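K.L.:
The lines below spell out each chain.
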Amino acid sequence: MANWVGQAWDRIEDLRLLTGRGRFVADLTAPGLVSVAFVRSPHAHAAINRVDLEPARRTPGVVAAFSGADLAPHIALGVTEQPPLALQAVHYVGEPVAVVVAEDRYAAEDGVEAVAVDWTPLPVVTDVRVALAEGAPTVVAGRPNLIAERRIGYGDVAAQFARAAVVVQERLVIHRATAQPLETRGVMAIPDPDGSGVTVWTTTQSPHELRRSLARSLRLSEDKVRVRTPDVGGSFGVKNRLYPEEVVVAWLAMRLVRPVRWIEDRLEHFAATQHEREQVHEVELAADAEGRLLALRDRFVVDNGAYVRGGVTVMQRTAMTIPGPYRLPALEAVGRLVRTHKTPIGPYRGAGRPQGCFVMERMMDRLAEAVGQDRAEVRRRNLIPPDAFPYATGIESPERVVYDSGDFPAVLEEALALAGWDQAAARIEAARQEGRWIGIGLAMNVEDTGGGGYEGARVRVDGNGEVTVYSGAVAQGQGHETAFAQVAAEVLDLPPERIRVALGDTDDIPLGIGTFGSRATTLAGNAVRESAIAVRRQIVEWAARLLEADPEDVVWEGGAAYVRGVPERRISLEAIAARANPLTPIPMGPEGPLPLGLEATTYFQSAPTYSSGCHACWVEVDPRTGQVRVLDYVVVHDCGRMLNPKLVEGQIYGGVLFGLSTVLLEELRYGEDGQLLTTTFLDYPLPTTTEMPPLRIAHRETPSPRNPLGIKGAGESGTIPALAALTAAVEDALKPFGVHLTELPLTPERLLQALAQSQSRP
Amino acid sequence: MAEASIQPLTVTLKVNGRDYTVTVEPRWTLADVLRHQLGLTGTHVGCEQGVCGACTVLVDGEPARSCLMFAVQMEGHEIVTIEGLTPEAGLSPLQEAFHRHHALQCGFCTPGMLVTATALLNQGKPLTEETVREALSGNLCRCTGYQFIVDAVMDAQGGK
Ligand code: FES
Ligand code: FES
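Protein chains in written order, with the numbering used here: chain L, 460 to 1221; chain X, 3 to 162.
Any given hint could be a false lead.
For each label pair, taking beta carbons as the anchor points, the in silico distance ranges come out as [unchecked claim]:
| no. | chain 1 | residue 1 | chain 2 | residue 2 | range |
| --- | --- | --- | --- | --- | --- |
| 1 | L | 1043 | X | 41 | 17 to 25 Å |
| 2 | L | 1042 | X | 77 | 50 to 58 Å |
| 3 | X | 41 | L | 680 | 33 to 41 Å |
Just so you know, these hints were derived from the structure itself, not from any lab.
Note that the structure is predicted; figures quoted are calculated from it, not measured.
The beta carbon of each residue, even a glycine, is placed where N, CA and C say it ideally should be.
The shape of chain X in the complex, shown without the other chains (with noise of 0.2 Å):
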């Protein structure tokens, strides 16, 4: 039974804009997927426990945890990745918030951040540090103590 669950499948993901089909074995993450078969590497992996939120992506606009979802459960559904909100040149008005406010220091939970922050600000709602803290509480920080981060996400409401 375990040779089944890793007969491998073919699956077509649609990853910031991009059709890419590819196989994979069923018990695959999300999150492997799209760092290993599709090298998009900025999804990063802290726990694999569904806790630390480094490892989220939007799925169909809303953040997610890519370390629970496998990638064949993914067909039909929209993943936007840190490399989808990068622009081609230089930095998104979010990142360059977080660049002038000292926001990331390893920068391992940074992308984790960045998504679900945009997710945040797409809805469009004003914030109150209240709400950003709030958001953000589902995604660890270990270097920053987080108030950068809180400040970087308020600044970019003008912006974005």
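Extracted from the complex, chain L is given alone in its bound form (with noise of 0.2 Å):
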């Protein structure tokens, strides 16, 4: 069997995305195609009087204006929170109210420009602390302001602070941000030409769960409903789940009769495509005199804007990745998702685990400040040794949390290492000798990936000899189809180059979940080898069967089979799969017929992974700017075997950089109108090759003992920990001002002020 599982091999997708000849859904096109623009809500929150639609109609190119009211006789309701079209309020800026569709973009934009639309402005929400205070308005008619309280906890949290040596206490603000995949959101319908159903191309991280959700919306049988993804430039969460836009497009090309597209714009990204990040903690962490953690306990807040669609989750995985890799003998997390006049949020990269690991390591450095240690002692103490495994952190609810393996001292030292904590001490010392302002910070976590059931994939070996591996499991820049062709090319004694991946179409493979929670490659990588091991188990029997031999006596090799000591009568896939997908007659022998058909689908189904890591980092501040330069950032980091180590460190980069741009740049700003400020990428900054830190990457594998490939999901750990380590070493910079940072991002304007208010001078 060849090696290809673990090779830094170059990827297969990058042919057609590095010649123009990528397929993404704008580029998509079609006959008597139309194109759709939205009007949308310039309220945070007012009520629809009046839709006149008339002189949208009459605008050159219209072809046809719809409001909520024309859509909702024809569509199911309640499949989501939010309607597809708002009916008789809004409640967010840029919250969809009606569509035009046109020729062209050019002309549908016209179109929305000429729709008037009466409105009453009502009380606006943009502080949960309004929301939740007596007497409130009602964010949303009939729906309360609290969606939801999660206790998430475990053991005698009281019992343990009454003995407690050391309390800590913080409150620790995070605010609103949101991924920004470079490309926007985008949808493509075409019709059946009998109208009875539809195919709707979409950039979805779920293409079954939005076959699911559209043919409820539109009332049709899934079957009616094909989704298909194409290139998808980037997602980071926030193409996940069914968006109002895609049931609008959809319905609007049966309706119409005509293929329909809609392309959002940057514009309508920042309001109408979902935010995160944005919580409120008060948390107390309690420990011996020796630092020993006894019990954690924080009461925090999920703004969740206006609409739920993800908030739920964000809360969960925030409480549930507080204790991280440490023994923590009581935890309560108590969450409140609460409702506000702003963006809808869901996850995205890290779906509120930056914020639980922010929590928890924020609280270990002001332990190890509290009982006069040093903050990677502090964590040394307290971590779970490696041979606890497997390890019950003691969460039982939303899932149990039982983490499968790992080497966190191992993890912990070697980042130490790398980053010469040993010797911070005196850098820093010659660094403000020559005035400089450096300091070095440290945070550790575990993430469960991999979780949330099962994924699917398909092997088929098609009359020709063809290879093609199917999945639901779509990509949008993570290598799916490089780390596919590998595992299948390894099970299959095939070059890669002869295997075919084929993502995000429903109609391909029956059941699927999606792209997220750095689940893909390990469920569905799983899922490849099943499938491919079944196919070769089909194809030796096959050959067998025309050599004339028991398949016990076939090898397998290099894409042929022979009987063992007779290597040269050779039979090909090709011979092979041209017997085995007949399209004449074939004799039957005495032994009977073969199973026809080179063909598996399997589901692999598996409690989550665990993926851990540390990242120490070293930074430089300026006290007179608020200027944060990061000097070196070190990751270590183990997510069990590595497919494709290539693959993996591009994860790695990526999200480091995310995580960064979380700290130092990124923050969603609204008015006390609910006025979104921040919607083009000049009030936005995205990091760019100016703020790219000198990065080190180191790995570890630990395979995972939950599936046969060994490995866990790498997706959102270079972004998970960032947040605590950055904050950390500015802090540490600026420790001589007596800076106590609690509040994210960390960006000029906030760290001026900070220094401005502390008392303490160098």
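Assembling the complex is the task here: the two chains are given apart, and the hints tell you how they should meet.
P.N.:
This is the structure we're talking about:
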């Protein structure tokens, strides 16, 4: 068997993407295609008195226009909390209210401009404290402002606090941010010629989920809706789950019996695509006099925005991430998910985990301070030892958290060594002599990956011997085509070039969940393996029949079969495939027929695996300007066995820069009237090559015992600890100023403010 | 007046060495015309705000943001897109370097990056990591963290 798994193989998908031949949703076209633009709410909260679409309908090039009231009778409402087009009222700026269809997008936008809506503005709530206050205005009529309250924890927290020698407290604030993939969302729907069904090309991360939700919305059976994903330009979580525009565009295609396309523009994307991160935590951590953890108590509030999308998941993942790599005897995390008049939230890269990690790691630093220990030492003392796996954290709900494997002490020590932790004090002192303020930060994390049930793969060898892997685990840049081809190639003993990977067509495989939560490679990768093993068995059985031998005696090697000891008489995959996929009657031997086709579909199911890591970084801060420069960034990372180290490194580099910009750059700001103030890359800057930190990565590979490939997810662990590690480094650099950093992002403005408020001076 | 500004005009655009005569509305951007009239969809549109650089093409050899230009202004100029930088078969040395270095993930920023990097390499000056970073600082990538892109461009300077 060739060893393809584990190799840093160059990606299959690159060739089309490098040459401009990728096919993204905005590149697709179809005869008779019309374009769509949405009328969106300029108000954070207002009653809709009247929507006058007549002027839009008279605009040159406009084909049709519909309001929420026009749409409502034709679709099933209630599939999502948010109606596809607003009905009586709007609840955030950017909420879709009406839709205009035209010959091209320019004309559609002309039409949108011509629409007249009569509004009555209503009271706006942008602050969770206001939303929770006695007598607060109801954010969405008929729905509670407090969407959910979840208590996640275990152990006797009160008793542990009672015996504590040290208790540290902190209020931690993380502001709103968003993923901003470089490609916005988009949908193109093509009706079946007889109008009975629809094919929807969309940028979704979860085609099968979308097929189900769309079928319910359109009142069709699932087999009348085909969801397909083209190349997708990044997603990071925000292209997951059904969006209003997908329902509207699919419905329009069927209604107009024409292909219909909507491509979100960047301005829309800022307001119409889900946000995240915004949380406030009140934390207390109890420990004994030696700094050994006893209990953590956290009351936190998550700003959900107007409608429920993925807020509950975010809240739960935050709480579940808190214990991290440490033995924590008791935990009580109580989260409240609160409605405001802002864009709905849902998970993006990290999905609440960066905040949970931020809470724990900031508190570890506070504890070190309180007990007068080194920050690394206090962590070292509390780590779960490598012989403790499987390790049950104590969390039982919403799911049992039992770590599968890892070596946390080794991860920590390697990061400390790489970052020069032991020489840090001297280096900082030397820099201060030169008038430079540098500091080092440290953060560890454990991340559940590959959770959420199952993922599937179908492997098929067609009549010409072409091998294709199909899966619903779509990709938005992760390199699944390459990773899955490597797995199939290894099992089938074929070069990876011979494997084609086709993702994201709901007609290709009946079931699937999708790509999020660092799950796709782990679950679908193992499904590819199982399906390929089954197909290999079929190949050998057919070869045995054709070679008139016992399957036990057949050797399968390098794309051909022979009877052991007779390698001269080989039979190729093409020949076997032609016989196994017959188009003519086949003579039936005395043994009876073999099952036809070379094909298998499997669904791999598993409890989560747990990746772990440690980030350590050096920064320099200019106390006059509040500018932060990252001098050195070290990641030690254990995601089990790596299918392809190149892909893993790509995820880490990208993930770290993502986390870095959450700490230093990105903040979605709202006015008190609920206006979104950040709607371009100028007022919401993304990091550029200038912000890119010098990064070093070390891998450890502790295989997961929960799947045969021994792999774990890698998509989010570059991001999760970055918030805490960088904040700690900045705080360390500014230690002589006595600055306590509790609020993200650390914009120059905010740092200067913290410096101005602090009493101490170096 | 809105009507007047959308009166179509006929223009001839020279793209990748070939002349295309097209009828366009004056308000149509170069990016839209390349993509939707000429079918050259390798040029991507990420922001239409002139910030992300995904829409970068060469205009008379200089990188330019095709989302900020109108097609009607482009008569008499030489436009080169990613399609024009791609050899008949296989990959250019710069594309090869991107492939080897894993300098792309989703690939959405990639054509713009390649166009910008081509203009840099065409200057023929010796490159440092600093100058490469500087040259690419107007092209956003949300996936890669940039390091492998910078590495690829540095590596390509030999082969180019
Ligand atoms: S699309 Fe032109 S700069 Fe972003
Ligand atoms: S590779 Fe996705 S934006 Fe650059």
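K.L.:
Lying within 33 to 41 Å: is that true of the beta-carbon distance residue 41 (chain X) to residue 680 (chain L)?
P.N.:
holds, 36 Å
K.L.:
Falls inside 50 to 58 Å, the C-beta gap from residue 1042 (chain L) to residue 77 (chain X)?
P.N.:
holds, 56 Å
K.L.:
Cβ-Cβ distance between residue 1043 (chain L) and residue 41 (chain X): within 17 to 25 Å?
P.N.:
violated, 42 Å
The earlier numbered hint that this structure contradicts is number 1, and it is the only one.
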